[in-house]
Every structure is written in structure tokens, then in C-alpha cells.
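Residues per chain are reported as follows:
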Amino acid sequence: MGQDSEWQPRILCFLCRWCSYVGADLAGTSRKKYPASIRGIRVPCSGRVDPLFILKALRLGFDGVLISGCHPGDCHYQTGNYFARRRMAITKRFLEYMGIDPRRVQVSWVSASEGGKFADLVTEMTQEIRQLGPNRLFADEKQGDGTTTTP
Amino acid sequence: MTARKIAKKHIADLLNEWRQGFNVFVPSRDEGVAKWARWDGGDAEFLEWYRNTVVPPKALFFPPLEEMFSFHKDGDGYRVEQPPPAEERWLIFGIRPCDARALAVLDLNFKEGYEDLYYLKRRENGVLVGLGCTRPYESCFCTSLGIGPTDAADVDLMLTDIGAYFLVEAVTDRGEELLGKTSLVHAATGADEARAEEARKAAGARVTRKIDSQGISEKLRASFEDKGFWERVSAKCISCGICTFLCPTCYCFDISDELVKRHGARFRSWDSCAFSLYTKMPMENPRREKWRRLRQKVCHKYEFYPDSFDVIACTGCGRCIRLCPVNWDITWVLSSLPVQKQVGLET
Amino acid sequence: MALTDCLPMKSRVMEQRLRREAEALLEQGKVDWIIGFEAGSLRFTTTPLITDDKDDTKRLVVSPFANNNLSVYLTGIKGRVAIVAKGCDSRSIVSLIQDGKVARQDVVIIGVPCSGIIDLAKVEGLVGRDRDEIDDIVREGDKVSITFSGDKREYPAGEVLFDNCLACELPTPQEYDILLGEPTAARGDEEKTKSREKINSLEGVKPDERWAFWRNEFSRCIRCYACRNVCPACFCERCFVEEAEPPWVLPIPRWQDNLVFQVTRNIHVAGRCTDCGECDRACPVRIPLRSLAREMYDIVGGLFSYRAGTDKEVPPLLTCYEPTDVEDFIR
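Residue numbers (the working numbering), protein chains in the order written: chain B, 8 to 158; chain D, 849 to 1195; chain C, -5 to 325.
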């Protein structure tokens, strides 16, 4: 980080504690290869993810955001992922209307046993983000990265 | 000093001349919203529609957002960079007397105790060319506060509309300097000056909104404990920041720090005493109730500031009335103050 | 300020009934507060009247300029309230009931069948005059006549009403205790389409240009929070922007932070926003906030066939789910 001047995609992943996080862990223990592009945040449930987190991630400069939870019917809290499904449907459509490429914010169902799926998903998403290029949404012409600007 | 005049059609040329030595700011429109913007040549078409801006010229001296310093990780330590106070010379063309007076009111605060160099430097380097009003808003009430819509007291150069011309008067030496090199300004006749006097009277007559500012501080002091009154008059306020942000004499600010791994910055930005969390502290919030905040706002402007500086912190520009989403009106409040005698206080 | 001169006959009848009903409600102790409109201190303006004094009810008005959504006051008031509500406002009240913020038995809804509210910004644009230099604006039926400098011009109401009024599906409150007059009908499809012009044109441009448009608009934002404070759906005691140490969004008016604030706010009120248009009207720097709110309203309607505030028995949109909810976007 920081030594290589070539841009590498950075994807922030919100992983539910009961399914997706375990699935991601399984990908690691199974020695499945996937790019070192993701940073994971474990949440109790995909339903915990406030769209605010997604906006904040994009604001901080993450090139992509992944929200991953249990398959419908398997949520540890019964209904959390159903709420996430509704909320994310609305969020994705709204962000697309704003002009944000919908491929930057993605949602998936990954169960605890789907280590392979997780690795494949991350690999694909990294490739898609690589094609999209770095997130310059909040960059300022004057200042570059947009995280600190002089008015 | 003899009065002079300039043809309105030459204003753009005059601005061009001034542009050689100053950053010139004029009224402009952005999506129909009147605001102050840098003038980059072109015409002076703003003269046709300009009454007053939404955001007052205080924003040019005390900006809504200002970086105080930034810091960057540098080896084991940090490199701190502080933007220098603005040294560039600049000129504000068309400032209204209420807004110019408001700057004079603000000066008292920014000089008292701690000298705010950011603001003061801009004031020092800023030349004000005032433009007298011809079409005051129905929300204007400057005449009740000892200011007229064509007053020249607080600017360097004053323009008064006399039809195809502006009467031009130098108020300060800096104003006189502005006129030194130009050939666009000519001597005015006695008739021009008479026309200007008529224009001043006419503009003053168009200010129909009035308050009785006599003894207002005492009336507010006497009404301070009347919780019922303040609750009633504050009920419809929604505690946004429009009145305070758009007020040319309001100056509250907040300081925020941003830290992003290896660098960060400290910012100053506008704050509002109307916000519900304005006085929130770890243990309590003394103005948690809306009526306390509104009482403070009114008293600050019409009682506390006069107590400190002998001047009311309001110049009757009327923006708070014109732009409040619920038409909360400070003149209504001031006109309906319950006057009660309190034991021990002078009235 | 000569406000009553602007009212057509039927509004005057509604007004007199409103005053009688409000006074009776207070006198009989059925409510502790009345929330309605009275004449404002500026021309063509009304202002909220919040009172517990029955003498004040004489000042209540029914007016084509009554733009405020008074339901915003319900979450901050204690006791039983009689509240004047147009179609959109009553939906906001129902939405608050759905959210559990207001108990149905604590409100007496005085419904006003609404024929649209006049947008002074549109009037100014049409006649090229500021509102305080216009002598009169009168609504008669579906026409509005505007008088200035001795010149009188007539326009179809559809050209001077707020965009959200043109799109309004339920101008007559469905939920009420007292209905002040005969129900009014929604306006036609043509006007409804016209009201969505700004949004449609945005949808038609490339994403980069859309983002550039919003970036430009939010460069004007001064973070006064009028949009949030005027919204009945924004009733959080501590808004996410008020979290500090560490902050989600700095309270400084950079366009980046302004955008994050507004986008998040719109998603937070999704399914509870009734397109009352107040956020748009309140903005002092004229950011077209309704182009965000209405888009969200239509997204919610399109995805879930849900319209905020139309059924008080139904739980809020985002607190329930269907097995058949859309999931084609999920990998």
C-alpha cells in the first residue's frame, strides 16, 4: 500500500456475522485465491447496514461496497436480511439515479459454507471495479482526493 | 468635495478598470438565486434585477467554510500548514447600506478581545462600493434602526441611482483613490444632486415595515421571564439555520476537525443558536427548549449586543423574514413584547 | 394584509366553518391545541398558528397560499391536537401514526380538500416580478389572475401550482375527523407528467452528467437544515449529521458532505415521504430537492406499490417484507 503507484481497487465489504463473514473465512481456510482488494467489516446482520455506511464508504474513497448476508429464510434473526433486501433495492436504485454506477454497490447472499462463492464473487467484483476505474465521485478538481479540501 | 456621476452604461467599463487592481465581486444569479460572485468581465446586467442577495456579503469576509490549518504526516512528526490570511485586494460592488452597516457591527465582535485575523485582513483589503436601494423589499425595516436605504456611512464609495446615471460620492480616502485614475466619472450638476436627494427620500418612503426600537433593550429585559410569551412566539419555529446564516450580523461558528489517516484539517463553519444542539454539553443542554433559543436569539441582537457595544445587532435587511420557511417574523415579536415592570430593574 | 380578498367564495365558507369547529373543540376541552394557518406578515403568505387560546381561532384561514405541512409540529407537541391538514399533510399524519410517533386518538384531523397551493416562485417566473411587487393573486376556479402595475393577466392554475400539487393523487384527506368541504379530484395525467419534467430530463442524461448536476447544485448548499427540519418524516432527536467524535458527515458545507447528507436523508425517509414539497420550497438557495424526494417516492411506488400515508393500519414500508420482494440485483 502506497509503494505501488498503480491503482488497486479497494472494496469495503459488510459481512453478516452468521453467514457471509464465516463464508469469507472459509474461503481463506480453504486456500481459495481472491484479490487482496477487500476490507471487511463484520456486522451482526445484513439488516444492520444503514445506507449511510455505503455513502460514507464512497465518501472516504472506497471504489466499491459489498453488502453480504444470509440467504432469505436463513437469517439468524429471522427477518434482518429481508429488511436489507428492501432497503438495498431502494438504495441501489436511488444511487443509480444520482449518477453513481450501480456496479460500485453490490449485494449478495453468501452462506457460511459458500467459501468458493465468496472468492469468486470478490474476484469478479474486483475485476468489474477495475474496469470502472477509481472512485473519483467526491474528488475535487482543486484538491484531488476530496477528503480534505481548501475552500 | 464636489459630487460626481457616472452613466449606468459605463459601469461595466469602470468595473473593468478596477479589475486591474482588485478582485471585483458583483451580484450575480445562480439558478435564480442572487449571490455575490467574482466578476470576470462582461456586462453589468445585474443592475437590472439586483435588489439584494440571499446570502449576505458577510460570507465574503466570514465565509461559511474556512480551513484554519491542515496537517500531514511527515516522517515521525507532522507538518502543519496554515493558509495565510488573504492578502489580495478586493472590491465589492453594489453592497447595500444595511449590509455595509452590518459589517461595521460585525467588526466590533471580531476585534473585541481576540482579533480574528482571517476576518479583519479581508476587511482591511476589501473596498466597499455601496449602491443605494430603489426597490426595498416589503420585509426591509432598516429605517427603524437608524439606517436608510441610501446611507453612505459604512462604505468607501457610494452610488445613488438618479435615472440614467449614478451619483458618485467618495466617503473615504480609499473611495477617492478609486476614482483617481478613471475618466468615466464626471462632475455632477446641482440638478443631479437634487435628484439624488429625491431618490433618497423616495427609497426611504418605500420602507414600510417598522418597529419601535426605542427602549427595546429595556423591554426585552422586562420580558425575559415571561416563559408563556416566548413559548407562544416560538411555537412555529422549526429550528433550522436560515435566519442566522442569512443574517448579515450573525457570527456564530463551529470548529470541526477532520482526520483521514495521514492528514487532516481543522475547519471553521457557520453555526446557529437556533439549532437544537447548539448549547449541548456533555452533562446538559441549557437551551434544550426552543423557546429559550429564540429568546436568546432576539435578546442577543436587541439587548446583549447593545449592552456590550452600544449598537443593535440587526440592520433591518429583512432576509430572516423573507426566507423563513414558516414566516417567523422578528418584527412581529418585537412589536408584541409584553412590557412588565420587574422589581429592581431600571426601565 | 388583504389576504381574505384572495379567497374564492367556497374557501370563505370553509374558513368560517373551520373557525367555528376549532373554537368548539377548544371550548369543549376536546383538544389542548389547535394547529392551523393564519395570515402571514408578507404578501401572499400564510404562517402556522399554534394556539391553546380559543380567541385565536378567529384568525384561522383557508388559503391558496397555505403551503406548510403542519404535521411537522405533531412530534414536538404535548397533549391532544386539532390540526388542519390538506391531502398531503393528512398522509404525513398517517405516516406518523404508522411510525408510532402520533396516536390516532390524540389528533383531531380537520381535513381541507385541496385544489392546489400557489407557488410564488412560479408566479414570479411567469410575470417577471418579485412577489412583493405584485398587487394581487386571485384563484377563481381553475384560473389564477395576477395583477401588477395595473395590468391583469390570467393563467391556468396548472402553471402556478406547486409541482407536487400537479402530481398529487389524493388532494382530499382520506383520514380525517372533520372534512371542511366537498372532496376535490386529482389533477390530470398531463399535469402529472409535466410535474416530473425535471426528473425525467435528469434520467435522460448520462450518469456522469447527472452526478455533475447534483455536485453543482449542492455547491450552493449552506447546511441550514431547513429541508430536514421542515420535513415531518425527519423526527429523529439526534440526526446522523449531529454525531460527532467521530462524525459521519462533517457539519461543514462542502459539496461532498452536503450531497452525502441529502442522499442519506432521502433514503432514510423513503416510504415515509409523501411528496409534500416542503423541503424544496424551504431551501433558501433553491436546490431542486423535490427532484430527489419525488424520485424516491416513485422508486418506492414502482418497487413495492407502496404509497406513504394511505393506510394507518399498515406497518411502515421498511419494517416489513414480502417473500416476493425484488431481488434481481442480488448476486
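Misleading hints may appear alongside valid ones.
Only pairs whose alpha carbons sit at most 25 Å apart, straight line, appear in this in silico DMTMM-like list of lysine to aspartate or glutamate [to be verified]:
#1 Lys1138(D) with Asp50(C)
#2 Lys63(B) with Asp202(C)
#3 Lys116(C) with Asp100(C)
#4 Lys63(B) with Asp50(C)
Just so you know, the hints here were simulated from the structure itself, not pulled from any lab data.
Since the model is a prediction, treat every value here as computed from it, not as a measurement.
The hints, checked one at a time:
1. Lys1138(D) with Asp50(C): Holds: Lys1138(D) and Asp50(C) sit about 22 Å apart, inside 25 Å.
2. Lys63(B) with Asp202(C): Distance of about 20 Å is within 25 Å: holds.
3. Lys116(C) with Asp100(C): Violated, at roughly 37 Å.
4. Lys63(B) with Asp50(C): violated, 48 Å
Figure legend: structure checked against the earlier numbered hints; hints not met, in rising order: 3, 4.
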